[in-house]
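**Q** Now that you have both chains on their own, put them together as the hints suggest.
This is what each chain is made of:
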Amino acid sequence: MAGPTQQRELRDQEEAVLFAPVLGTTRRFWLGAAPLLALTLWGMYAYTLQLRYGLGVTGLNRPVAWGFYIVNFVFFIGISHAGTLISAILRLCKAEWRRPITRAAEAITVLVLFFGLGSIIMDLGRPDRLFYVLQYGRLQSPLLWDVTSITTYLTGSSLYLYLPLIPDLALVRDRATGWRRTLYTFLALGWRGTPGQHRRLERGIAVMAVLVIPVAISVHTVVSWVFSMTLQPMWKSTIFGPYFVTGAIFSGIAALIISMAAVRRAYRLENYLKPVHFNGLSLLLMVMSLLWFYFTFAEHMTAYYGGELGEAMVLFAKVTGRYAPEFWAMVVLNFVIPMAILANRRTRTVAGCVVASASVVVGMWLERYLIVVPTLANPRLPYERGFYAPTWVEVSITAGAVAFFILLYMVFTKLFPIISIWEVREGREGLQEAHERMAGYLPGPVEPAAPAAPAPTAARG
Amino acid sequence: MRWGMVVDLDRCTGCQACVVTCKAENNVPVVPPEHAHAGRLMLWMEVIPEVEGEFPNVRARFIPRPCQQCDSPPCVKVCPVQAMTKSPEGIVSHVFARCIGCRFCVQACPYGVTHFNWQAPRWPGDLREALNPDMAVRPTGVVEMCDFCAHRLQHAREHARAEGHEVRGEGDYVPACVQACPARALIFGDLDDPGTEAARLARGPRAYRMLEDLGTAPKVFYLKEG
Chain A
1 MAGPTQQREL
11 RDQEEAVLFA
21 PVLGTTRRFW
31 LGAAPLLALT
41 LWGMYAYTLQ
51 LRYGLGVTGL
61 NRPVAWGFYI
71 VNFVFFIGIS
81 HAGTLISAIL
91 RLCKAEWRRP
101 ITRAAEAITV
111 LVLFFGLGSI
121 IMDLGRPDRL
131 FYVLQYGRLQ
141 SPLLWDVTSI
151 TTYLTGSSLY
161 LYLPLIPDLA
171 LVRDRATGWR
181 RTLYTFLALG
191 WRGTPGQHRR
201 LERGIAVMAV
211 LVIPVAISVH
221 TVVSWVFSMT
231 LQPMWKSTIF
241 GPYFVTGAIF
251 SGIAALIISM
261 AAVRRAYRLE
271 NYLKPVHFNG
281 LSLLLMVMSL
291 LWFYFTFAEH
301 MTAYYGGELG
311 EAMVLFAKVT
321 GRYAPEFWAM
331 VVLNFVIPMA
341 ILANRRTRTV
351 AGCVVASASV
361 VVGMWLERYL
371 IVVPTLANPR
381 LPYERGFYAP
391 TWVEVSITAG
401 AVAFFILLYM
411 VFTKLFPIIS
421 IWEVREGREG
431 LQEAHERMAG
441 YLPGPVEPAA
451 PAAPAPTAAR
461 G
Chain B
1 MRWGMVVDLD
11 RCTGCQACVV
21 TCKAENNVPV
31 VPPEHAHAGR
41 LMLWMEVIPE
51 VEGEFPNVRA
61 RFIPRPCQQC
71 DSPPCVKVCP
81 VQAMTKSPEG
91 IVSHVFARCI
101 GCRFCVQACP
111 YGVTHFNWQA
121 PRWPGDLREA
131 LNPDMAVRPT
141 GVVEMCDFCA
151 HRLQHAREHA
161 RAEGHEVRGE
171 GDYVPACVQA
181 CPARALIFGD
191 LDDPGTEAAR
201 LARGPRAYRM
211 LEDLGTAPKV
221 FYLKEG
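Those sequence lines, one after another, are chains A and B.
Take the first sequence: its letter number 252 is residue 252 in the working numbering, and every next letter is one higher.
Take the second sequence: its letter number 104 is residue 104 in the working numbering, and every next letter is one higher.
Looking at chain B on its own, in the form it has when it is part of the complex (with noise of 0.2 angstroms):
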């Protein structure tokens, strides 16, 4: 099993429903404009628009950004405290409880993708009634980032023992914003099995991968706008 995830650009509408569930899902607390303007919004999914050419003949595109779960990890490997971990089934994911801090992986990341608690989590108003109780809250002072929902994962395991199976690497378990996306612009599966959507398409002539060259061999792939 080697989960992935295929972005497909020609879909991507950019509603952000993906951005707002991943919020939601995972607890990553409101940041306040006046921080969010000074470079510290929290987003473990990110919607980028691209602008491209010289008005009028302007494109603009955008670019759904996930944790791209790199198989080579470069924040996997600088953490001095085992905290940034990489699972037998590929998922890199984050001890929050253990981190000190130190903000290594934020600068080994080539992607941008780590992301810093600066100030205490805030959930104004009634948000902080709606939060995941399957998920953790993060205190201030450490890292955290997106880990394609492994607690979904957690939760998917559970249901298939109970139905006496193993976990199917498509359909059991998917990313909350994979779930939300209207477009399904997101497909998400087991790359290891060729019989997967997610396997084909990542194999297909119109992926690629950010920065590939890196060789940091992430799990994310794009699909090029055809």
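The shape of chain A in the complex, shown without the other chains (with noise of 0.2 angstroms):
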């Protein structure tokens, strides 16, 4: 057996390669932020272009006067269901292999939760009149309750990101010097790790963990609601709420497979993100896909069934028509690709993960494409038959928003230890309570049955 002081050290070792990201910085990240950077500044530039122009540089037109920026909000709102949905539910779950995987979710959360809002911005025609929303908002309309909703989301999982967050600053504090030092030393509010700050912090990361699901799934379902509460065909669907929810889970474990990838290859965590915890969510993110599946499948089947003409026009266009090479592509992407390679043992590897998790992503901004442009294109009246084709303005600031959000996660993980820190050493002291609960979950041991059938009096004793 080996002693503390030995057992410190040696946890100290495994323990450096966490820190080491937030500590000191590798050429090789400047040079992978290089790139990002610059597409962002791209990105940057083509919106300038259309403050300055207005939004007559895309492609937009009448009648499809929504395109890239708001399939981007409904993607964007999507990934961040990545995180504090998930972490909150495998905590509430008390799955232990969640442990290092839900600091890089909820961080997802917060990260792409802006870009969500920034979307709704860019395709603002006014965006210096933002502010009217709160001026002079209008309860009935949806928009307002996104607005609601999704400010709600950012502080909850603002919180629910901090919360755990707060005894690994106190941890990097001590470990750090210089103006990093007075930084943590601010972050960690005084965090020394007393039974009684555990206790508090335990509390606190429970209450936030419940509270932050009914908001997730609020936030997806009134996204949704900005299209189905119109009379728009193939946009007034009862089902769109639990449909946009499913497919926001579904490209949120997505994204969160991607980045605990890249983390692991970056940071060599090899030693904490390990198969196991691949195979995990992708087990997850194979029944989204099925969940996926079967709502898209009730969504075009009840359309065509009805056979009403308004719905059957967008129908059509999307699954023979114009919008069909697409269409299929999403079927694939989101669908045949992900079961093909996770449902089989063999290819369920980190990099059969990985593949199927992009595919899953670009599939799911397919998805939102197809939900946004085929019925804006087809609408009712047959007197206006639009096209879209975004131009290149459109284009980069997609690739700029998504640059620029896979900067800042990277940034996030120079500041922040990116695997909770304390929360896997809590894993690892409580072993023997899990292992206390998992024999709980079993029968007990039987008392032996008596010999003869004695008096009530008798068995009570």
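Read the hints as simulated data drawn from the structure, not as lab findings.
Each hint should be verified, as a subset may be incorrect.
Said to hold, decoys possible - Here are some chain B residues pointing at chain A (derived, C-beta under 10 angstroms): (1) T114; (2) A130; (3) N132; (4) M135; (5) A136; (6) L211.
Claimed, not checked - Residues from chain B that keep clear of chain A, each with C-beta distances beyond 10 angstroms, as calculated: (7) E50; (8) A60; (9) Q82; (10) T140; (11) R152; (12) E163; (13) H165; (14) P182; (15) R206.
We treat Cβ as the ideally placed atom computed from N, Cα and C, and that holds for glycine.
**A** Quick look at the structure:
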């Protein structure tokens, strides 16, 4: 048996890899960040043109007045369900394998939400009047529900990211020097790890975990209602709420798997993010793929069977018409490829998970595109028939937003430990407790049956 | 008072006088051809040609389409900043100065009559001199649409007050397109007053409304060709 000092030395050796990215920056990081920064600046340049000349620089028109920006909005908000929701559910279910992944997931949520809100601002004809939404807000408008719900979610998930970060901030504080030390001292809020602090923190985390789940679900529900509250064919659908939430969690898990694989590779975290974690998440991804397919099938089947003219126009534009390549690509990317890879244990490796996830992320972007554009291009009245192709401005802004998000995520990994160090420690210390809990699921020992039927009074003794 | 319009499809000759008048009356910007082809034409009043049948048994008809002025307007419900409003007299109009340009009303409208200013408005040549001073011009990035020339209703109110009476259900106030129609295909008036021609025609057997089953209850009635 190793002594406590030896044990601590071993732990420090093991954890060095977790602190390394926060305490120092390699050349590889800058090499990776440079092209992302360039893309970001390019996207910003494109947006200045749009600010100057109006939305005429996009490919939008009448009737397709919403395009890439709204697609990106729904997509980014969808990705945000990666984090908080998955992490909260796994935490509440006491899934032990969650420990090294929760932080990576929660960071995605908070960062990507800014891009969701940003996409809406990109889409506005008069972004200078943005605050009229607060000043003159009309509660009946689903857009106002979005604003309310997303800002609540942003606040909630920021808190939910921050609370479990506090003990880790203290750990970094004790190792950092210079301005970083000042920063972490401030952020760690005087954390010393006393039992009282732990108790309060755990309670705070538990409360937030419960709170963010309904908020997260409400977010994508009201995002879907932006569409389904209108009278437009194939938007006016009762299942849009759950359909969007499913798609959001689906694309969120995929984004999480990709980001985990990236940090694992970049910071050599193979010891922490093991195949078993990827396996667990990819099984969740597979379930969501099946659920997504079920919703998609139901949605299109009812439109087909009813055959109402307006809906049929949109449906056939998607399935056999102008949008058929995108539609079938979506089915392949969201269902065929992930199922083929993940249903087979031999291909369900880390690399396999990443390929399946990349496929899902692209497929889910296409899904959002196919919800927004074909309906607008085929309005109920037969007089306008639209066509929409994005211009370089929209493509640049979209690419810039994705690049900026990845860049921010990289910066996050440099500022904060991307794996929750104290929670992993806690997991190790709690092995005994976990064992006892699992034993608690099993039937207990049975009292040997009494040989004869004794009198009731005797049995009580 | 509930202002409404009746469009007699039997009488419409497709001359587009209403379209031109509307553009002039409401300072609707001129859209250059390349943008018009990209689907950014701005016409608050539009005459849509509809061709039925196969050659040689072809029949063309013309459908003038202003804002349908719904009694249950989907655009008003979805506007996040209360820029789309419905007046007590039923006129749906838009506060340009408040519009944030989210185009939710464009998506919500099943009739395709809301227009967005994709670029800075243009009035080439002398057209700038001919701008109507009664109507605000709109900047880039806001939505605009037909409001039954609500500024004309303001004028009608002032006239009526000067003459010591209320605005009458017929004759005192008409939108520019109605005034310009040489074939008298557009009839305008108070739908609540059974004495007006508009109300009588709107209740007649030839009357129908666009996409009536959506429940938007437009106040623009079309008279079928007889």
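**Q** Are all beta-carbon distances from B/H165 to chain A longer than 10 angstroms?
**A** holds (36 angstroms)
**Q** Report holds or violated for the interface hint on B/M135, using the least CB-CB distance to chain A and a cut-off of 10 angstroms.
**A** violated (20 angstroms)
**Q** Per the stated criterion, does the least C-beta distance between B/P182 and chain A lie above 10 angstroms, as a non-interface residue requires?
**A** Per Cβ check, B/P182 is outside 10 angstroms of chain A; nearest 24 angstroms; holds.
**Q** Say whether it holds or is violated: B/R152 keeps its Cβ farther than 10 angstroms from all Cβ of chain A.
**A** Given a closest Cβ separation of 26 angstroms, the condition holds.
**Q** Minimum Cβ separation between B/T140 and chain A greater than 10 angstroms?
**A** violated (4 angstroms)
**Q** Interface hint check: B/L211, Cβ to nearest Cβ on chain A, cutoff 10 angstroms. Holds or violated?
**A** holds (6 angstroms)
**Q** Closest CB-CB distance from B/Q82 to chain A, is it above 10 angstroms?
**A** Nearest chain A Cβ is 5 angstroms from B/Q82, so the label is violated.
**Q** Is the Cβ of B/A60 more than 10 angstroms away from each Cβ in chain A?
**A** The claim holds: B/A60 sits with its nearest Cβ about 14 angstroms from chain A, beyond 10 angstroms.
**Q** Close enough to count: is the Cβ of B/A136 nearer than 10 angstroms to one in chain A?
**A** violated (15 angstroms)
**Q** For B/E50, is the shortest beta carbon distance to chain A beyond 10 angstroms?
**A** At about 8 angstroms from chain A, B/E50 fails to clear the 10 angstroms cut-off, so the statement is violated.
**Q** Double-check B/A130 for me: the hint is only fine if its C-beta lies closer than 10 angstroms to a C-beta in chain A.
**A** Hint violated; B/A130 Cβ to chain A Cβ min 24 angstroms, cut 10 angstroms.
**Q** Classify the label on B/E163 as holds or violated, using whether its beta-carbon is more than 10 angstroms from each beta-carbon of chain A.
**A** The claim stands: B/E163 keeps its Cβ more than 10 angstroms from every Cβ of chain A (closest is about 37 angstroms).
Hints 2, 3, 4, 5, 7, 9, 10, counting from the list given before, are not met by this structure.
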